[in-house]
Amino acid sequence: MHIATAILTDEERAMYEWQMWTPGFGIEGQVKLKSATALISRCGGLGGPLAYSLAAAGIGRLVIAHAGNVRQSDLNRQILMTHAWLGKPRIESIVNRLREFNPHLEIEGIAENIHEGNAEELAAKADIVFDCAPLFSERFLMNRECVHQGKPMVEAAMFGTEGQVTTILPGTTPCLACIYPETPPAWKREFPVIGAVSALAAQVAALEGIKLITGQGEPLAGTLLYFDTLRMRFERIPLVRRPECPVCGTMRGE
Amino acid sequence: MTIRVEYFGQLATVTDKREELREIAEGATLRELLHDLADTYGRPFAAIVTDTDGNIRPSLLALMNGAVVDKTDNPVIGDGSSLKLLSAIAGG
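The listed protein sequences correspond, in order, to chains A and B. 1257 is the number of the first residue of the first sequence in this note's numbering; add one for each residue after it. 144 is the number of the first residue of the second sequence in this note's numbering; add one for each residue after it.
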């Protein structure tokens, strides 16, 4: 990732002091975070806690795409929505909450979900993409754009008490179309969800992003971390690229 | 032969179980196992694991003894094998 360098203010140095104490992180890691732009596709049960953690960590700029108005049924998990904002645009609630939490954060809120007409433009705005959409059609679009533009994409999903995260590095790791060569026909838009499970997947995804941006540790590249919270089992599943993949099959790694 | 089968995602919902021990014939393949399981658990299970021609769905993630199965290989399942079947998930 090639990101322009920002400068930390004295206030920011104070805010992130304890974070910069993390071995290997330091002021250099903090500057990299401030200099980075992340796109979050859907900011609900998973994208919301993810955005919150990236904002807390001091990412410089968030581009967030999320359509619709706040509903009662959002409120068991979508922590950036409020009762006061029921019936009003979700993206406004998201932006308001994040600005309250971290006024240094630059945010671009887009009251749309990912679609064919905006996917390319939105991916182009970001250094890294977090895919948290509840529909495979949106996930496949984001995957295609990230592969074409060479953008890393953290792919996070959940169902009921289970969740999974992997990090897609175009040309190096399997892409989403390698993992799922077809649109899964039985997937339904409405799914069982405990907010804490979404939040757990979100925190793993946030850490993947922080690691990628700051150049620390080993990302879940080519590995699907699958967790089952009923039995508290975490498994690392090795993934394989498909040479015949229509999205990334002809790409070579860096 | 006895094998262990674990279910994840929607497959745990349609089977109403997380895992089970299953008796299979010697030389049984993954595809034959999935058809056998579909006979037990019905159409919702079959819709996730096989297409209308009875082939293994590409979107099914299957692990045998910890390794991802290349579904085009339709491998033979050995005695004592551990299988994990994961349906694709996209919840947020």
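These are calculated hints, taken from the structure and not from any lab test. One should not assume that every hint holds.
[Said to hold, decoys possible] Taking lysine to aspartate or glutamate and the EDC-like style, the derived pairs with C-alpha atoms no more than 20 Å apart in a straight line are: (1) B/Lys160 - B/Asp179; (2) B/Lys160 - B/Asp196; (3) A/Lys1444 - B/Asp194; (4) B/Lys214 - A/Glu1438; (5) B/Lys214 - A/Glu1500.
Hints, verified against the model:
1. Note on B/Lys160 and B/Asp179: the hinted pairing holds, with a Cα-Cα distance of about 16 Å set against a maximum of 20 Å.
2. Between B/Lys160 and B/Asp196 the alpha-carbon distance is near 26 Å, which puts this suggested pair outside the 20 Å criterion.
3. As the CA atoms of A/Lys1444 and B/Asp194 are separated by approximately 17 Å, the hinted pair is consistent with the 20 Å bound.
4. Our distance criterion of 20 Å between C-alpha atoms is met by B/Lys214 and A/Glu1438, whose separation comes to about 13 Å.
5. With a C-alpha separation of about 14 Å, the suggested pairing of B/Lys214 with A/Glu1500 holds against the 20 Å cut-off.
Comparing the model with each numbered hint stated earlier shows that hint 2 is the single one that does not hold.
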